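Engineer: In case you want the letters, here they are:
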Amino acid sequence: MNTLHIARLVAAKDLRIEWRSRVVTNQVLPFAALVMVMFAFALDNDTVLPRVAPGLVWLAAMFSLLVLVQRTFAVETADGALDALRVAGVGPAGIFLGKSLALAVQLTVLEVMLLGAAVVLYRTELVAGGVVLLVTTYLAATLGLAFVGTLYGGLAAGAKGRETLLPLLLLPVVAPVLIGATRATEAALGTNDATPSEGWPWIGLLALFAVIFGAGGSLAFGSLIDE
Amino acid sequence: MEPVVRLADVVAVLGGFPVLAGASLQVGKGEIVLLRGPNGAGKTSLLRLCAGLLPVERGEAVVLGCDLVADLTAVRSRVGLLGHSNGLYADLSVADNVGFWGATVGATPAEIQGAMESMGLDTRLAPVLVGRLSAGQRRRTALACLVARRAQLWLLDEPHAGLDAAGRDELDATLRGAAAAGATVMVASHELERAGSLATRVVEVIGGQVFPVDPGGGR
Numbered sequence: 055m056n057t058l059h060i061a062r063l064v065a066a067k068d069l070r071i072e073w074r075s076r077v078v079t080n081q082v083l084p085f086a087a088l089v090m091v092m093f094a095f096a097l098d099n100d101t102v103l104p105r106v107a108p109g110l111v112w113l114a115a116m117f118s119l120l121v122l123v124q125r126t127f128a129v130e131t132a133d134g135a136l137d138a139l140r141v142a143g144v145g146p147a148g149i150f151l152g153k154s155l156a157l158a159v160q161l162t163v164l165e166v167m168l169l170g171a172a173v174v175l176y177r178t179e180l181v182a183g184g185v186v187l188l189v190t191t192y193l194a195a196t197l198g199l200a201f202v203g204t205l206y207g208g209l210a211a212g213a214k215g216r217e218t219l220l221p222l223l224l225l226p227v228v229a230p231v232l233i234g235a236t237r238a239t240e241a242a243l244g245t246n247d248a249t250p251s252e253g254w255p256w257i258g259l260l261a262l263f264a265v266i267f268g269a270g271g272s273l274a275f276g277s278l279i280d281e
Numbered sequence: 270m271e272p273v274v275r276l277a278d279v280v281a282v283l284g285g286f287p288v289l290a291g292a293s294l295q296v297g298k299g300e301i302v303l304l305r306g307p308n309g310a311g312k313t314s315l316l317r318l319c320a321g322l323l324p325v326e327r328g329e330a331v332v333l334g335c336d337l338v339a340d341l342t343a344v345r346s347r348v349g350l351l352g353h354s355n356g357l358y359a360d361l362s363v364a365d366n367v368g369f370w371g372a373t374v375g376a377t378p379a380e381i382q383g384a385m386e387s388m389g390l391d392t393r394l395a396p397v398l399v400g401r402l403s404a405g406q407r408r409r410t411a412l413a414c415l416v417a418r419r420a421q422l423w424l425l426d427e428p429h430a431g432l433d434a435a436g437r438d439e440l441d442a443t444l445r446g447a448a449a450a451g452a453t454v455m456v457a458s459h460e461l462e463r464a465g466s467l468a469t470r471v472v473e474v475i476g477g478q479v480f481p482v483d484p485g486g487g488r
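Chains as they are written, first to last, in the numbering used here: chain A, 55 to 281; chain R, 270 to 488.
Pulled out of the complex, with its shape left as it was, chain R reads as follows (with noise of 0.2 Å):
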């Protein structure tokens, strides 16, 4: 079966400086791959660009059919990437959001609706303005509008971050979901700890190439 991510050799270039120096992965459909390495080491880069934001320079790079070297564009509807920032209007409700994001893909107002139950937006939350949420009621919102996209490929850019423990709890769960309903997660994370026991494998980038880690956590 054809991987869902196959990176040979990329070298990928931002403002002059290679963020990616010969990057090499392969990603199966279903796996929850953590992506660990220091500050600069080119993990956003390497979720860039197989969102279809970061040109290839060089190598082969394959991400959901699309050869991300004859088109950048084509893969980006099937993804989501989820950044440090949540991509959400402030001015607008939840469910306002959510609704949004889904109708973009043509969502149905039940899969709209199933997309903010799944990350725990309950008839509470749904009618509130993004813009008095907290940062962790904010990041769930935004993995509901993910869900709602029906991406295929889920790229997370730390999404712990500014979570409580109830939901982190609630975004692992909602990674396995996806994961065992055959989505493919990409989760680049400082976190280890909570990160490692969501990841059915563990990559180490560093100087903007990939390296695999065993189970023992050496590489």
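The following block holds chain A by itself, in its conformation from the complex (with noise of 0.2 Å):
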């Protein structure tokens, strides 16, 4: 089997999981929104939320993606499934670019609805001219997030203390994409006088961050999992 098929066939499978158990849709997203609250709550001043809200929705993106990477591993390591797989020789790159496809579409969902409550809860305004930088933006970046959360995700899935570990491997290594995303983002809705065109040299960043850990997750996901 080749690896897009098996990449194809995980992230079918990954995805008919979250459809049927709804686990994104009745606790990430609601877990995502209260976030944003909270944030509204801590930083309640009008002025504040519109210069600052990029950076809280990419906050909230991050802190969703550690309850999404541990969901989608927890899937396989409940009653063996990864290690089945790994028995079955299933390629591991496919096994990570699936996992990633599924993780990503999950992701899109999600930063949709953060982008939505921005606009609702802090008053963001989306600016016509800045809809294809946007649109960039969350691409290269989802890719990236998802990429890089499915390759910890598996180093962190047969350690112990997998719950705690996965912050601490995962946080410091997303920060160059809260930064980059941030800065688009900013400059995509015009905040804080910034124009589209101060946007794209942060799509550089976050397209060879996804570039990066795509081609090395691909290569290094079975020796990972397989220690």
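Keep in mind that the hints are not guaranteed to be accurate.
[Claimed, not checked] Stretch by stretch, here's where chain R covers chain A in the computed footprint (C-beta under 8 Å, at least three residues):
#1 71-84
#2 123-137
#3 142-154
#4 181-188
Don't read these hints as lab results, they were simulated from the structure. Fair warning: this is a prediction, and the values are worked out from it, not measured in the lab. Note that the Cβ used here is the ideal one computed from N, Cα and C, for glycine as well.
Each chain sits in its own coordinate frame; assemble them with the hints.
Structural biologist: Right, here's the structure in full:
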């Protein structure tokens, strides 16, 4: 079986599990919305909130990513399915890409909801001239987060104390995405008088991050889950 | 004919502890071999080594023609290991689980249906979520996944655990059928009466070594 076929199978299986269990809909989305509300309570200021909204959206996305990654590997380890995938000789690159793709789809749903929450709670305004930049930012950042989340989720899956280990490993690594995505989103939304042209260099950083972790993860995932 | 499993003085280490200490064993095609022995003797390690999950520190290990010393992973797609866990997804149905595992080797819908029927997973159980099944029904689903994956060497660790009498009979019939069709089966079990009647040969694993057992029961 080739890598893309396995990736498609694994992604379809993961998305079907989420569709049936509704964990993302019933637990992760409310958690993310709650984080946005808590930010609003903490920064209860009409002038501050719109200025920091892009950063808060991506910070909430990072926190929610942790929950999503824990969940996506919990379904693999609950009854030894990840072990069974290894035994079955299913190509690790296919598993990595499939799980990343499913995670990216779930993240996209989450991020759209977070942006909507920012518009409602923080009075963030969408600017027509920044739509292309905004979509590109979301695409590049989501892919990067999905790749790195899957890679570190696989690393932590077999470790003792994986629930606490994952945030410790993952959060420092996703810092470049937090910075790049926040700056690019600010530029797309015109926050703090930024212009869309200021955002494109950050897309380069996000794309580089996604390529590095996509390629690195495809190569290293087999060794990680074999440990 | 080249044996399906050929181990010679195999040493394997797990966490600094030698779990196999000079194990030697040959298993031919179509055999059903029972591994018996006390807890911690190395039965599970032996199965995991044959599945390409445990590195060979010393000795020779060839499974289905794959040299495990040279390449640990090549054999994996051709063996099926069913350990203490079932490798199933609780939020997917029986049909989804068997379909997924079958699809990883390109099994056709007819093969997947046949695999489910071989384990008595009829149309009533097919759409049921695995999380709602009894332990025995989960075990049967896991075995159906193994059939769908077309495993040539079945490595089963306590396969009768959690099965009721009917499920055990079905399992035994499935294993005999698989062996008759050319698959080779290695079973680690403490249920000697049940597994012993199923096996064509019995070996004893003690202290990480494998000893033949004569049909009378002694070593």
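Engineer: Run through the hints listed earlier and report the numbers of any the structure violates, in increasing order.
Structural biologist: Violated: hint 4 alone.
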